[in-house]
Amino acid sequence: MKFLRWSLPLAIFIVVAGFLYVGLYRDPHEVPSPLIGKPAPAFALAELHHPDRTLATADMRGQVWLLNVWASWCVSCREEHPLLVALSKAGVVPIIGLDYKDKSEDGLAWLVGNGDPYTKSVVDLDGRVGINWGVYGVPETFVVDKAGIIRYKQIGPLTQDALSRKILPLVRELQKS
Amino acid sequence: MKPVPMRTLAAILFATLFVVHGLARADLALDTRLKKLESELRCLVCQNQTLADSNADLAADLRKEVRELAVSGKTDDQIKQYLVARYGDFVLYKPPVKPETWLLWFGPFVMFAGGVAVWWGIMRRRRRDAAPAEPPPPGEDGAVARARALLDG
Numbered sequence: 002m003k004f005l006r007w008s009l010p011l012a013i014f015i016v017v018a019g020f021l022y023v024g025l026y027r028d029p030h031e032v033p034s035p036l037i038g039k040p041a042p043a044f045a046l047a048e049l050h051h052p053d054r055t056l057a058t059a060d061m062r063g064q065v066w067l068l069n070v071w072a073s074w075c076v077s078c079r080e081e082h083p084l085l086v087a088l089s090k091a092g093v094v095p096i097i098g099l100d101y102k103d104k105s106e107d108g109l110a111w112l113v114g115n116g117d118p119y120t121k122s123v124v125d126l127d128g129r130v131g132i133n134w135g136v137y138g139v140p141e142t143f144v145v146d147k148a149g150i151i152r153y154k155q156i157g158p159l160t161q162d163a164l165s166r167k168i169l170p171l172v173r174e175l176q177k178s
Numbered sequence: 199m200k201p202v203p204m205r206t207l208a209a210i211l212f213a214t215l216f217v218v219h220g221l222a223r224a225d226l227a228l229d230t231r232l233k234k235l236e237s238e239l240r241c242l243v244c245q246n247q248t249l250a251d252s253n254a255d256l257a258a259d260l261r262k263e264v265r266e267l268a269v270s271g272k273t274d275d276q277i278k279q280y281l282v283a284r285y286g287d288f289v290l291y292k293p294p295v296k297p298e299t300w301l302l303w304f305g306p307f308v309m310f311a312g313g314v315a316v317w318w319g320i321m322r323r324r325r326r327d328a329a330p331a332e333p334p335p336p337g338e339d340g341a342v343a344r345a346r347a348l349l350d351g
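Residue numbers (our numbering), protein chains in the order written: chain U, 2 to 178; chain E, 199 to 351.
The hints are simulated quantities; they were obtained by calculation from the structure and are not laboratory data. Each hint should be verified, as a subset may be incorrect.
Stated by the list, open to error - Cut-off 20 Å, straight-line C-alpha distance, at most; resulting in silico cross-link-like pairs (EDC-like, lysine to aspartate or glutamate):
#1 U:K104 x E:D259
#2 E:K262 x U:D127
#3 E:K278 x E:D229
#4 U:K102 x E:E263
#5 E:K262 x E:D274
#6 U:K104 x U:E48
#7 E:K262 x E:E236
#8 E:K292 x E:E236
#9 U:K39 x E:D287
#10 U:K121 x U:D60
#11 E:K262 x E:E238
#12 U:K3 x E:D327
#13 E:K278 x E:D259
#14 U:K102 x E:E266
#15 U:K102 x E:D255
#16 E:K292 x E:D274
#17 U:K147 x U:E174
#18 E:K278 x E:E298
#19 E:K234 x E:D275
#20 U:K102 x E:D259
#21 E:K292 x U:E31
#22 U:K102 x U:D127
#23 E:K296 x E:E238
#24 E:K234 x E:D259
#25 E:K262 x E:D229
#26 E:K234 x E:E263
#27 E:K234 x E:E266
#28 U:K39 x U:D146
#29 U:K104 x E:D255
#30 E:K278 x E:D251
#31 U:K39 x U:D60
#32 U:K154 x E:D287
#33 U:K104 x U:D53
Produce the complete structure using the sequences and hints provided.
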């Protein structure tokens, strides 16, 4: 009983402090997506460079691909863009760009100015596809596997760390299967 | 042309008013329903605002989406389900009760019960410790008792 008197409050304190400590380093803006492990919401959108052509999710069946949601008005997209350009040069995985709620001419100009890392780019003018994919902040990057299942979602700009530790190993593993 | 009789004019006027009123009422009912629904949904961009309060671009889009779903005859629960499927339980201001959220829902009650148990234990011990020794009457040498006797005369 004597032992409980000081050990129980101490134990409770340690547990609470532990939770709070971990909480300090978590980003409340990163909301876990319920779409991970689920089929990617289908879309068929006009291509940015060729508005008369459409690209559909079904066209990407059988390969691992990334969907990068970006916009010319998005500030932190500039931050991640060099990484995307480098990734596309390496040619490891096709990157589909989703120009989110953006005027096509702005998007095109932005790609000319900053480099175009995208295998193909599509336009989501009214943001409806964005809603279906649970996009709530640009940039976001999804990893989709050969069967069309979303395997990973990066919220906010890509980082070298996220790429080399999570995304690229995952892509390689998915490509093998 | 014969002038339109006053009665016909009045009838037309009332019919128009009736229809407009009906439409406005239906619209108002939808608005009230949407307002209530939107205030139970979280805007994901500015996370401590509801969908109804937020000025964020995404919130406007989601409000539009919610309205379209409501107009197409979806129930409030179906609309919530639609958003949860895309954004997760986080869009709901009131999280659903399920094993992952048991701690959230019942934790405070468990803590309260724990507090009551500790308090009860302490009180019981105090009463037990205090019971054997009858406290001496307050005041030195029963001064208070004497004073009371004097006052009571």
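How the hints compare with the structure:
Restraint check for K104 of chain U and D259 of chain E: satisfied, since their Cα atoms lie roughly 16 Å apart, inside the 20 Å limit. Distance hint between K262 of chain E and D127 of chain U is fulfilled; the C-alpha atoms sit about 11 Å from each other, no more than 20 Å. Between the alpha carbons of K278 of chain E and D229 of chain E the distance comes to roughly 17 Å, so the proposed pair stays at or under 20 Å and holds. For the proposed pair K102 of chain U and E263 of chain E, the alpha carbon gap of about 15 Å is at most 20 Å, so the pair holds.
The straight-line distance between the Cα atoms of K262 of chain E and D274 of chain E is roughly 15 Å, inside the 20 Å bound, and the hint therefore holds. Using a Cα cut-off of 20 Å, the hinted pair K104 of chain U and E48 of chain U holds, with the two alpha carbons roughly 13 Å apart. Restraint check for K262 of chain E and E236 of chain E: the C-alpha separation of about 11 Å stays at or below 20 Å, so the hint holds. Of the pairs offered as hints, the one joining K292 of chain E and E236 of chain E holds, with about 12 Å between alpha carbons and a cut-off of 20 Å not exceeded.
Taking the CA atoms of K39 of chain U and D287 of chain E, the gap is about 16 Å. The hint holds against a cut of 20 Å. With a C-alpha separation of about 11 Å, the suggested pairing of K121 of chain U with D60 of chain U holds against the 20 Å cut-off. Our distance criterion of 20 Å between C-alpha atoms is met by K262 of chain E and E238 of chain E, whose separation comes to about 16 Å. For the proposed pair K3 of chain U and D327 of chain E, the alpha carbon gap of about 17 Å is at most 20 Å, so the pair holds.
Taking the CA atoms of K278 of chain E and D259 of chain E, the gap is about 15 Å. The hint holds against a cut of 20 Å. With a C-alpha separation of about 19 Å, the suggested pair K102 of chain U and E266 of chain E falls inside the 20 Å cut-off, and the hint holds. In summary, the hint linking K102 of chain U to D255 of chain E is supported, as the alpha carbons are separated by about 10 Å, within the 20 Å threshold. Restraint check for K292 of chain E and D274 of chain E: the C-alpha separation of about 14 Å stays at or below 20 Å, so the hint holds.
Taken as a hint, the K147 of chain U and E174 of chain U pair is honoured in the structure, with Cα atoms around 11 Å apart against an allowance of 20 Å. For the suggested pair K278 of chain E and E298 of chain E, the alpha carbons sit about 19 Å apart, so the restraint of at most 20 Å is met. Taking the CA atoms of K234 of chain E and D275 of chain E, the gap is about 13 Å. The hint holds against a cut of 20 Å. The suggested pairing of K102 of chain U with D259 of chain E holds, with an alpha-carbon distance near 11 Å, which does not exceed 20 Å.
With a C-alpha separation of about 19 Å, the suggested pair K292 of chain E and E31 of chain U falls inside the 20 Å cut-off, and the hint holds. For the hint linking K102 of chain U to D127 of chain U, the alpha-carbon distance of about 6 Å falls within 20 Å, and the restraint holds. Between K296 of chain E and E238 of chain E the alpha-carbon distance is near 18 Å, which keeps this suggested pair within the 20 Å criterion. For the hint linking K234 of chain E to D259 of chain E, the alpha-carbon distance of about 17 Å falls within 20 Å, and the restraint holds.
Restraint check for K262 of chain E and D229 of chain E: satisfied, since their Cα atoms lie roughly 12 Å apart, inside the 20 Å limit. With a CA separation close to 15 Å, the supplied pair K234 of chain E and E263 of chain E stays within the 20 Å bound. Among the hinted pairs, K234 of chain E with E266 of chain E is consistent with the structure: their alpha-carbon atoms are about 16 Å apart, no more than 20 Å. Restraint check: the Cα-Cα separation between K39 of chain U and D146 of chain U comes to about 11 Å, which is no more than 20 Å; the hinted pair holds.
For the suggested pair K104 of chain U and D255 of chain E, the alpha carbons sit about 15 Å apart, so the restraint of at most 20 Å is met. In summary, the hint linking K278 of chain E to D251 of chain E is supported, as the alpha carbons are separated by about 17 Å, within the 20 Å threshold. Taking the CA atoms of K39 of chain U and D60 of chain U, the gap is about 18 Å. The hint holds against a cut of 20 Å. The suggested pairing of K154 of chain U with D287 of chain E holds, with an alpha-carbon distance near 17 Å, which does not exceed 20 Å.
Annotation: proposed proximity of K104 of chain U to D53 of chain U holds, straight-line Cα distance about 16 Å (limit 20 Å).
Taken one by one, the earlier hints all hold for this structure without exception.
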